[in-house]
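Q: Next come the chains, spelled out residue by residue.
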Amino acid sequence: MAQIEVKKLNLSYGDFHALIDIDLSIETRMITAMIGPSGCGKSTLLRVFNRMNDLIEGVNITGQVLIEGNDILNHKADLIVLRKEVGMVFQRPNPFPLSIYDNITFGPRVHGTKNKKILDEIVRTSLEDVLLWDELKDKLHRSALRLSLEQQQRLCIARLTAVKPKILLMDEPCSALDPVATQNIEELFNKLKNEYTIVIVTHNMQQAARISQRAGFMLLGELVEFGDTRRIFTAPADKRTEDYITGRFG
Amino acid sequence: MERHFDEELKGLNEKLLKMASLVEEMISASIRSLIDRNTGMAEDVIKSDDKVNMLEIEIDEESLKLLALHQPAASDLRFITSAMKINNDLERMGDLAVNIAERSVDLIKQPQLKPLIDIPQMAKITQQMVHDSLTAFINKDSELARQVCRRDDEVDKLNEQVFRELLTYMMEGPKNITRAVDLILVAKHLERIADHATNISEDVVYYVQGTMIKHHIEEKKKQ
Ligand SMILES: Nc1ncnc2c1ncn2[C@@H]1O[C@H](COP(=O)(O)OP(=O)(O)OP(=O)(O)O)[C@@H](O)[C@H]1O
Ligand SMILES: [Mg+2]
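Just so you know, the protein sequences line up as chains L and V, in that order. Under the working numbering, think of the first position of the first sequence as 1, with each following residue one higher. Under the working numbering, think of the first position of the second sequence as 1, with each following residue one higher.
Next comes chain L alone, as it looks inside the complex (with noise of 0.2 Å):
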């Protein structure tokens, strides 16, 4: 089943009609890529997933957006449950000017866990998740903000996971990280992709094709193409997709 399943949904900021018309399913337990020129809506869309548009003043959104077949844009939705099973990694790491110990918990905390046995094993099961267990684990106690940006990077990802949600949004997760970095992040992602539906928008299609099974090719508001990762990068469909891939694009 699709976990999210986006039907004719159209966005303005004011007069600027920034997505139009898009229609889009997005399977569970899978890694979508949304790819397109700088200014498309990649991130104007990864936004309407967990409402983070709701604090733009003037913007206006009709449509549907099914996540399990709720409709999140409905004004009854409840937002603090919407980002707890819908969360965001952001394109530079955003860690806490806290320790690591109470990054992971903030989340739970904040939903309600207090009980410090709880705490304790949802620290070491979200570290594991990220693979920064066995580094970390004598150093809980230490400011986040002093680890490298890969590590910050997977510790903002394990303060999502920490909050057990069902999908992870990513915009532009490795564009501040290093080759070296970025490869590690890749494969934390694919480790992931078991648990949590993924979605990520990237300028690296190199990456996208490398990560992906399902990719999203944006221009100027609308979504050109969508379909299987192995035939958007060897055989798509449309002439925009193709020029924009092999960079005839401009």
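Hint data in this document are derived by calculation from the structure and do not stem from the laboratory. One should not assume that every hint holds.
Cross-link-like lysine-lysine pairs, in silico, PhoX-like; alpha carbons within 25 Å at most [said to hold, decoys possible]:
| hint | chain 1 | residue 1 | chain 2 | residue 2 |
| --- | --- | --- | --- | --- |
| 1 | L | Lys239 | V | Lys140 |
| 2 | L | Lys137 | L | Lys114 |
| 3 | L | Lys139 | L | Lys116 |
| 4 | V | Lys188 | V | Lys109 |
| 5 | L | Lys193 | L | Lys166 |
| 6 | L | Lys239 | V | Lys109 |
Since the structure of chain L is already known, use the hints to place chain V with the ligands on it.
A: Relative to chain L, chain V with the ligands alone:
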């Protein structure tokens, strides 16, 4: 938009076309040497083999370099992978032309067993298939490529016919056997050349349309 990469793709394409015309020439000369009983022409074909082998290696290295450096996608990727496969088929076709020329050298040393009818006919269809498969590649013409694939059966049938006829010659007298076997081999080599032309055509369809038609995979997937 013209890319620097396009220049390099053009270079690869030119090398491949050079290889293709050399191999076409070899096939045609190998058959002509047999029909005209011209040993010199057969020997020229045998000598060309080195050139084809060199070109094959060059094209292979060039393709690998482009794959590694540019990490191409979509039609660029399909072009390079098809070029690599076509290169391989061409090299095998060159070898088969050499094999035909070798049979020709042996056959010319002896009196003619029988007037050649089916073999020249087979050669004509095969050469046309080779030519069309390469034209299809140059013009990105998947319809022509599909037509080539359909003609493979004709060649197979002629090959069978040649074999049966020569078998009767062999049964007539042991002194006919060597020459009959040589001619059977010539037909067999032609039939293999037609198979390679079919392979090339299948690669052209993939290159142009992005769909696999090898081994009737489309129909099998539907079932
Ligand atoms: N808060 C906003 N107010 C007005 N316009 C906005 C706002 N946010 C984004 N836009 C516009 O909407 C369009 C889509 O922006 P978005 O950030 O989704 O693009 P993007 O595909 O993520 O681009 P990039 O690859 O550069 O990150 C752009 O033209 C942008 O200028
Ligand atoms: Mg963006």
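Q: Give me the numbers of the hints this structure contradicts, sorted from smallest to largest.
A: 6
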